[in-house]
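S.K.: The lines below spell out each chain.
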Amino acid sequence: MKKIVVLVLLSWISSTVTAQTSVGETAPDFTLPILNSEESAMLSAHTDKVVYIFFYGANCPHCKTNGPVTESDIYQTYKDDPNFLAFGIDTWNMSASSNNSFRNVTGLTYPLLLNGRNTLNAYYGNTSSYDRSVVVGLENTLVYKGSVQVDNDVDEVKAAIEAELEKLETSSETDNSVPNTVVLHQNYPNPFNPSTNIQFELNHAAEIELAVYDVIGNKLSIVASGTYASGSHSVIWDASNYPSGVYFYRLVTPAQSLTNRMLLVK
Amino acid sequence: MLRICSLLLPLLLLSSSGITAQIYGSNTFEFQLGNLPFEDDRDYSTGYNQTNLYYDSGNISLFGRFEQFLSPIEERNYTKFTQKSIQFQDDQFRVRAGNIYETLGRGLLLRSYDIPGSVFEEAFERTRYAFFRDLEGFAADFTSDLFEIKVLRAQPLFNPLPPNTLPDSLRRPDLAEAIQANVYLNNELSVGGILMRNQTFGSDFTNYGALMSDYSISDYVQIFGEYAFELEDAFGFNSENDAYGIYLGSNFYRGSFGGSFEYKSYNNFRIGSGYNDPPSLIKEHTYPVLNRSTHVLDTGGEHGFQFEVYYNFDDGHALTFNISRAVNNAFLRFEYIEVFLEGLYQVNEQLSVKSFLDYANDELKGEENRISLGFITDYLFSNGSGVILDLQYQQFDREEFDLATGEFQPNISSNVYSSIAYSFSSDFILAGILETSTDPQLTDDPTTFITVEDETRFWLGTNMLYRANSSNTIELFAGKRRGGPACTSGICYEILDFEGVELRLTTRF
Chain A
1 MKKIVVLVLL SWISSTVTAQ TSVGETAPDF TLPILNSEES AMLSAHTDKV VYIFFYGANC
61 PHCKTNGPVT ESDIYQTYKD DPNFLAFGID TWNMSASSNN SFRNVTGLTY PLLLNGRNTL
121 NAYYGNTSSY DRSVVVGLEN TLVYKGSVQV DNDVDEVKAA IEAELEKLET SSETDNSVPN
181 TVVLHQNYPN PFNPSTNIQF ELNHAAEIEL AVYDVIGNKL SIVASGTYAS GSHSVIWDAS
241 NYPSGVYFYR LVTPAQSLTN RMLLVK
Chain B
267 MLRICSLLLP LLLLSSSGIT AQIYGSNTFE FQLGNLPFED DRDYSTGYNQ TNLYYDSGNI
327 SLFGRFEQFL SPIEERNYTK FTQKSIQFQD DQFRVRAGNI YETLGRGLLL RSYDIPGSVF
387 EEAFERTRYA FFRDLEGFAA DFTSDLFEIK VLRAQPLFNP LPPNTLPDSL RRPDLAEAIQ
447 ANVYLNNELS VGGILMRNQT FGSDFTNYGA LMSDYSISDY VQIFGEYAFE LEDAFGFNSE
507 NDAYGIYLGS NFYRGSFGGS FEYKSYNNFR IGSGYNDPPS LIKEHTYPVL NRSTHVLDTG
567 GEHGFQFEVY YNFDDGHALT FNISRAVNNA FLRFEYIEVF LEGLYQVNEQ LSVKSFLDYA
627 NDELKGEENR ISLGFITDYL FSNGSGVILD LQYQQFDREE FDLATGEFQP NISSNVYSSI
687 AYSFSSDFIL AGILETSTDP QLTDDPTTFI TVEDETRFWL GTNMLYRANS SNTIELFAGK
747 RRGGPACTSG ICYEILDFEG VELRLTTRF
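Here the protein sequences come in this chain order: A and B. Going by this note's numbering, the first sequence opens with residue 1, and the numbers climb by one from there. Going by this note's numbering, the second sequence opens with residue 267, and the numbers climb by one from there.
Derived by calculation from the structure, the hints in this document are not laboratory data. Do not take every clue at face value.
[Unchecked claim] Simulated coverage check for chain B against chain A, where a stretch passes if three residues somewhere in it have a Cβ under 8 Å from a Cβ of chain A: (1) 555-566; (2) 595-608; (3) 657-666.
Built from N, CA and C at the ideal position, the CB exists for glycine as well.
The task is simple: from the sequences and hints, build the whole structure.
M.R.: Below you can see the structure in the form of structure tokens.
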């Protein structure tokens with residue numbers, strides 16, 4: 001473990017610009033392609049997880065030398081916890097080949113996401129703050145935003161992850177006596193053409209919105225909205241006017257926000 | 267600072283009446299019409315202008331730099347006085363305020379720089395600005411035959427952030443305060459020390475020290491060294507947590523033979539936002555295929571050496587041999603090793619030939635058995651015109667991921683650089699440059715995430731340079747220009763690919 005040098009460099013810089021996100025706020029959502037996969041990763045699909053993010057540049061030399069610590073000290077420590085996820089995000093918008101080379105050199109085994117320059121800008125307000133660690137907690141709340149290179153704040157990152165995981169455990173224990181408020185089922189059929197059923201359950205009446213998004217996060221259609229009674233509900237989404245591809249559907253209630261993925265094949 | 271300078275200027279002008287004064291300067295204007303490959307901004311036209319103004323009168327000097335960037339996108343634009351400084355200097359004493367440049371010791375603790383004529387383009391905003399890292403504050407130094415003292419209190423520029431993103435004051439997160447003293451014990455030996463403290467906004471000061479010495483063993487051999495460290499870690503460089511930098515070197519020559527040897531060891535030695543810029547010791551080449559492959563120092567954990575010898579023959583020929591090695595050991599071990607041989611042959615008064623051969627292994631880039639070679643001829647015709655032919659080739663092994671098998675497979679990539687330049691006179695030069703690459707990192711389109719393109723990529727461009735007179739130069743580029751890493755004087759940065767037309771006008775007055 002390298003010596004901790006607590007600097008506040010870019011958190012301070014970030015606080016002076018408008019397009020950035022502070023700890024305690026909702027983390028900017030992203031939907032980014034996963035390296036070597038046809039699928040994308042969407043942050044808001046993981047509101048019930050603790051998400052660690054390593055912002056790197058695929059050809060950035062110090063990201064290559066520092067990257068291995070995120071694997072050995074962070075990912076390997078928490079990877080067996082089902083409530084933990086890790087993503088690396090390339091902020092230099094380099095090719096898949098460059099990112100595979102980065103993966104090979106650093107030995108990272110967690111998913112790497114491509115084309116993340118805009119995402120970095122949404123978090124930091126600039127695109128010079130790569131080689132940074134970020135922790136997104138429950139309900140996608142930003143709980144830690146690194147201001148130094150990732151080798152210098154490993155202890156702070158681990159403390160933030162553990163605090164969030166602890167909250168989750170406490171919450172689970174409480175939830176044993178109180179059933180889940182909302183359940184969002186996988187759509188059926190899936191893959192589908194051209195329409196599919198989406199079923200959800202409420203244990204008491206609530207104001208809801210069920211909407212469909214494309215892979216870059218654009219809201220395409222509101223399938224259901226308004227006050228729904230407790231019990232099971234089913235709605236149909238007709239995708240006749242949309243091309244084949246991956247879509248996400250998201251159910252938002254005052255208590256929870258849940259997201260699932262579906263595949264339209266024409 | 268601008269206010270102080272503007273108040274002081276009339277006083278200085280008055281006080282210096284009767285002394286010869288001069289105002290001089292330079293202006294660089296650059297216009298681009300084109301785009302970055304794989305980006306959305308197609309046919310994006312921008313203008314960048316930089317004016318440098320100098321005023322000298324007796325012991326007083328003033329300097330100002332004005333930069334302006336204009337594009338169709340308002341938020342990317344700026345118009346700023348990015349530098350202004352005032353200096354008083356006599357035979358022994360110098361004091362400066364404003365935007366200044368200073369290096370402490372051999373640069374382990376602090377080095378600032380300005381790369382004249384360079385225009386850096388930030389990838390996200392595509393905003394262009396001068397590439398420098400100055401210090402804003404004040405510095406004073408006194409030099410005598412016996413000793414030299416420097417003091418400074420200044421904020422280094424965090425130059426990855428372009429001027430349009432933040433006020434200048436907010437692009438300077440660090441504050442450095444330092445005092446340096448050197449004592450010349452005799453003509454051969456000097457010893458010195460530095461005390462410095464750094465504060466990154468909102469944090470406590472961190473204290474650093476350095477000890478250094480220069481010793482001329484004889485007329486032919488000089489040795490020097492510097493040990494810089496965080497004060498609480500002084501002389502404890504056995505621990506992986508300690509922050510220190512060690513730099514030792516020697517220069518030697520005898521007649522036509524000469525050389526140098528340098529050793530470095532840096533550990534956890536990143537100061538503030540990373541403004542300390544210690545010597546990297548890996549030879550920085552000007553040949554394009556090698557310059558792009560320059561090893562970038564990681565002060566987090568790296569040690570290594572470089573050794574170079576040269577011999578200048580009587581008839582104008584010269585040979586240079588260099589071997590360098592760097593090992594990064596912050597977490598995983600990455601070794602870089604390079605062996606370089608260069609020859610210059612003065613065939614006759616009209617023809618000179620330069621060639622090089624280079625072998626390297628660069629684990630951090632995943633490149634093994636990297637072989638580079640080049641052949642450059644410079645022929646001068648009897649009418650004063652000339653032609654330069656430059657051919658360079660590089661190939662290396664790097665494992666590439668095969669999506670079909672899900673495994674990394676061996677692969678050989680190559681880069682070619684070729685150019686031909688014809689100078690009608692020293693004032694008018696036309697050049698054509700053709701580059702190719704089969705490196706998947708360059709052929710693969712970053713916007714097609716799952717598909718890996720592997721067709722050879724080409725960059726063809728033309729350059730024209732015309733010096734209208736001693737004050738005005740016109741440069742015109744048209745075509746495709748390859749980007750990538752570039753290094754100048756130990757400073758490495760990324761150049762963006764460009765496709766289009768670029769006009770640059772340089773004026774001195």
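S.K.: Please count how many residues of the region 595-608 of chain B have a CB within 8 Å of a CB from chain A and say whether that reaches 3.
M.R.: Our answer is that it holds, as 4 residues pass the Cβ test (under 8 Å) against chain A, meeting three.
S.K.: Under a C-beta cut-off of less than 8 Å, do 3 or more residues of the region 555-566 of chain B approach chain A closely enough to confirm the stated coverage?
M.R.: holds (count 3)
S.K.: Are three or more residues of the region 657-666 of chain B within 8 Å, CB to CB, of chain A?
M.R.: Held - the region 657-666 of chain B has 3 residues with a Cβ nearer than 8 Å to chain A, which meets the minimum of three.
Hint check: no violations occur; every hint is consistent with the structure.
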